[in-house]
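Enquirer: Spelled out from the first residue to the last, the chains are:
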Amino acid sequence: MARIPGYAGPMEHDVFPPHRLIARGLGLRRGGLVLAEELSLSVEAGGALELRGPNGAGKTTLLRTLAGFARPAAGAVRLACGEATLEAEERARRTHWLGHAPGLRREESVGEHLTLLADWWGVTRRRCEPALARVGLAGLAPRLGRMLSTGERRRLGLARLLLDPRPVWLLDEPAGGMDEQGRTLVMDLVEEHRRRGGLAVVATHEPVLLMDADQLTLELVA
Amino acid sequence: MARIPGYAGPMEHDVFPPHRLIARGLGLRRGGLVLAEELSLSVEAGGALELRGPNGAGKTTLLRTLAGFARPAAGAVRLACGEATLEAEERARRTHWLGHAPGLRREESVGEHLTLLADWWGVTRRRCEPALARVGLAGLAPRLGRMLSTGERRRLGLARLLLDPRPVWLLDEPAGGMDEQGRTLVMDLVEEHRRRGGLAVVATHEPVLLMDADQLTLELVA
Amino acid sequence: MISGFANPERFMRLSAKLLPWISGVAVALFAVGLPWALYFAPPDYQQHDSARIMYVHVPAAWLAMALYAGMAAASVSSLVWRHALADVAARAMAPIGAAFTAVCLVTGALWGQPMWGAWWVWDARLTSVLVLFFVYLGYLALWAAIEDETRASRAAAILCLVGAANLPIVKFSVDWWNTLHQPASVFRADGPTMHPSLLHPLLVMALAFTCAAAALVLAEMRVFILRRRAESLTLRRRRAT
Amino acid sequence: MSVLTAFTGLFRRELSLAWAGGGGAALPAAFFLGMAALGPFALGENLDVAPKAAAAILWLALALATLLALDRMFQADLEEGVLEQLALSANPLEAGALAKILAQWVAVGLPLAGLSPLGALIMGAPPAGTPALALSLAVGSLAFFALGAIGAALAAGLKRAGLLIAILVLPFLAAPLIFGAAAGARALSGQAFAEPLLLVAATALFGLALAPPACAAALRLHLD
Amino acid sequence: MSVLTAFTGLFRRELSLAWAGGGGAALPAAFFLGMAALGPFALGENLDVAPKAAAAILWLALALATLLALDRMFQADLEEGVLEQLALSANPLEAGALAKILAQWVAVGLPLAGLSPLGALIMGAPPAGTPALALSLAVGSLAFFALGAIGAALAAGLKRAGLLIAILVLPFLAAPLIFGAAAGARALSGQAFAEPLLLVAATALFGLALAPPACAAALRLHLD
Ligand code: HEM
Ligand SMILES: Nc1ncnc2c1ncn2[C@@H]1O[C@H](COP(=O)(O)OP(=O)(O)OP(=O)(O)O)[C@@H](O)[C@H]1O
Ligand SMILES: Nc1ncnc2c1ncn2[C@@H]1O[C@H](COP(=O)(O)OP(=O)(O)OP(=O)(O)O)[C@@H](O)[C@H]1O
Ligand SMILES: [Mg+2]
Ligand SMILES: [Mg+2]
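Chains as they are written, first to last, in our numbering: chain E, 1 to 222; chain X, 1001 to 1222; chain F, 2001 to 2241; chain W, 3001 to 3224; chain S, 4001 to 4224.
Next comes chain E alone, as it looks inside the complex:
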């Protein structure tokens, strides 16, 4: 695998090399629906962008486009590290996506799930337990996907962010379904991430979530 110099894979306490997520002239479409046109954004290392807007405005669609799952109808998304623009594969391995799907099968246990991702992402399995503990799920490794409560499912998503340190976080309503303490946890994790040189794009309906983040408000189409 061609590795960009300065990025040596998963790190524990280091700082990420400076990444920058840029979208230019994006057109977002779903079915026949035009959700956005000529949308541009740029998030720097250490920065954060809050996506806001009413239900159905297209926040999730935008995030999925940034993640590379959805293809924009116009424009392009690129991730730069220093001066270099990264290839799709490199972009994928430096991006974390926290969506609404649980991420694990109904019959899969939390522990099996994280072990699989550790193997698949190429990080050591020893990171699983600390990640679970950090998000308040210590001891829940044997529980199956279908048993988890809404908040536990979201917390597991946060644990995935911690399992493999990646500079780009794309979070869709990370505080949704969380209790008081869980919301603080989300804020803390994003803060830490930014201090390490990571960047985050976060869709949210919480009145207050991130500290000094840029705001992008999507409007509902007519």
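There's no promise every hint is true.
Cβ-Cβ distance ranges computed for the label pairs, FRET-style [to be verified]:
#, chain 1, residue 1, chain 2, residue 2, range
1, E, R195, F, E2149, 45 to 53 Å
2, X, A1076, E, R195, 47 to 55 Å
3, X, G1139, E, E192, 39 to 47 Å
4, X, P1142, E, R195, 45 to 53 Å
5, E, A138, S, A4128, 57 to 65 Å
6, E, R146, F, N2007, 30 to 38 Å
7, X, R1196, E, P130, 49 to 57 Å
8, X, Q1181, E, G27, 22 to 30 Å
9, X, A1074, E, A141, 25 to 33 Å
10, E, P207, F, E2231, 44 to 52 Å
In silico contact screen, one side only, chain S against chain F (beta carbon under 10 Å); selected entries [said to hold, decoys possible]:
#, residue
11, A4026
12, A4030
13, L4033
14, A4037
15, P4040
16, F4041
17, L4043
18, G4044
19, P4117
20, L4121
21, I4122
22, M4123
23, G4124
No lab work stands behind these hints, which were simulated from the structure alone. Since the structure is predicted, the reported quantities are computational estimates derived from the model, not experimental observations. We treat Cβ as the ideally placed atom computed from N, Cα and C, and that holds for glycine.
Position chains X, F, W and S with the ligands against the provided structure of chain E, taking the given hints into account.
Expert: Relative to chain E, chains X, F, W and S with the ligands alone:
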């Protein structure tokens, strides 16, 4: 069908006869986990109970038990109308449940979904459109389940509440995933419902949701 | 006796006392029945010594059906009266019934080779017993798929009752259709037609099989109840700490 | 009155979901013909047996189509929370189960039965017996869906539900399959087929009587 | 190195999901026996066909088992968001698809092949040829799962995926089925079977080469 006098089925603007939801000595269990013991509660017509507590405390489990889906390990739930305790079937048709599941199939359209429920619940199909309009989904009838955004899915759940007027509302995080205006909508709907003599049990993590509601806080098991 | 089984505590006490006796009787009956059936009983005038398979085949077939009938009865009382012991009983009978069905199938196949010149034919009797075996397998698979015991027992009870429709088909298949398999010669409305020199050792063997099955079922029920207790103990201990 | 509206409402919804995405019954039909074509392929060098086995192959194809359709009969509604909404109603889940069974029969079973004469002709069966073969398949698919629905409801939402459904349902499909294939084979070879056909009808009636309460009880269990 | 860890990690996970809930390969095994019994059920009075058609019936049972297992091969991972997490990685989805194919083969295909001698004996086939029959089924099920995975990936997330997969996949299954059934039939009747067996192996190799990129492309489409 044996109908309790004073309850003539779906009504538009009338007041419900006085119902009362009572649980005595409930024991809640999931797998090997004991979530609650000796739990008692009572909600009167016009009243509301807010369920609070950390993620995984058992709020959803309690609501499902109140709805009659889950069988309590101990104790019993009953719904009284005036002096009479209602049979299981009568309890079912007077209870609304708003959970996290979308309630419609991925390939089913919003319109088909509400039409089906109108037929199945025995209310006129003409109620579908106004219900959709009230929750801000006017014009979304052709959209399929898998297309809906998180907030739209929750709003559809609210539309179901309006489709068939029932005295008992059991709502699991009704404001989750909702935008500003959606949260206000939830509050307004519950207020209206209570003014009509309905009662509501609402699990929520919102700092403020209902006005002068009783509070029941579940604790996390060790 | 029946009421003694109604409550798990009393069942444990009663079954602890009964179990050695039933097992002992089974051993004694086998000690008499096996030599009688396999050595002293006269060989069949047509089938010679291969007919001795009968002394295993027929009791196994009877118990395969009897245990399923027992499961169905237990399922009814578990569904209707929520009887605490009924689902344990049904669950305990299933693997043993399945095993006897397998024995019936295998001995039948072994017998079929010399008698009919084929291990297997698809006549109504053989097919319906095979179906019975599949019902047993499905029942066990359903239990294994649901970890919550009360839910598992109720789901399995539904399945068991639906599958009970197969039981009369097994029994009467030989009368309703032309089968290669022979019709009943013992349990008949007009009395047994089998020669007493064959019938008597068969009945002893059948009794021996029945006692053995009863002992196995009781022992398995005890294991289930003990395991349930152990689980609720650890649960209580976990809560106490 | 209201039970009837409810019933037809659900029936129509199931039908439109089964035929969704255009093509209506074309998908089951294509599948069935594909299966009917594969059977002779597998028999290969023993092709001479194909006309003789035509009824058997078509009945097997029907059984497979049923198993595939059963897989999602209740599972999706359970996972998406539709059953919760249906359960909170004065109308019993029993009626819902019956509506679903009949809808599957109309959506999948009847098109297959209607196509079966074509399949039989492809395999070289004489045309005379094909209407009776189609009749036997029509009745048989009702039995399949009624009896199969019980297994589908029991296995809905469990691990490896696909395999589990097949195992639970197989023993129940045996009787209609045996009698039905016999009826079809006799019809194709010009023999009297009334007796096995009546037996198929009997299993269908048995299934229709038993399935609604059994399915409803199983589904209520899974709502827990 | 890390690709290997990733690959075996996913392979092991698939295997443990396929065998979850106790019983390991027992469920697929019971399932296969049931499927193998369906053929004779349907053949009924035409019993004389059975030994001759034993190989065909077992091959058809294998095809049925494959179709039923394929139904959930990618669908569940897509709906639960597992594929999204797997896609965001340096390891290509191609490797993931291959791991899934091999795991299904080991979890479902091999147990079935191992049981096939029993099935053949029940149908009155001579014991001598049964090991070769089992071998042909083992190779054939690899071809089935490899080729079938393409259809499963294409249909994942679409309506009525079950039937759709079957239709998409049937044409691809035809080749291994024809050659495999021929190899099995020849093995049972003591003839030379190397040639058709090699052809089955060729389709398996073809499938293994084609399936990973095809599956990965289809899955990426569905992530949109
Ligand atoms: C796998 C093949 C076979 C199966 C599944 C099978 C099944 C059964 C069953 C279920 C019964 C109990 C019938 C009842 O209680 O009414 C039975 C009884 C019996 N079977 Fe078989 N059988 C098989 C093969 C054979 C063969 C090859 C023979 C010998 C020709 C045989 C001889 C008998 C006899 C003599 C009885 C006792 C019937 C009576 O007197 O009531 N069976 N078998
Ligand atoms: N295939 C489609 N055809 C038509 N409309 C679609 C399709 N897919 C999605 N939509 C619509 O696109 C809009 C944007 O959805 P999206 O999930 O991006 O919204 P969102 O901003 O995340 O909303 P929320 O705050 O509720 O999560 C929604 O109105 C949705 O119904
Ligand atoms: N079958 C099971 N076995 C063991 N634990 C289970 C099982 N089912 C659920 N649980 C656990 O029971 C707890 C209660 O779940 P519940 O969904 O009721 O929580 P909740 O209060 O609604 O939480 P949230 O605020 O996250 O929605 C959770 O910790 C969950 O993991
Ligand atoms: Mg969204
Ligand atoms: Mg909850």
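Enquirer: Which of the stated hints cannot be reconciled with the structure, identified by number in ascending sequence?
Expert: 19
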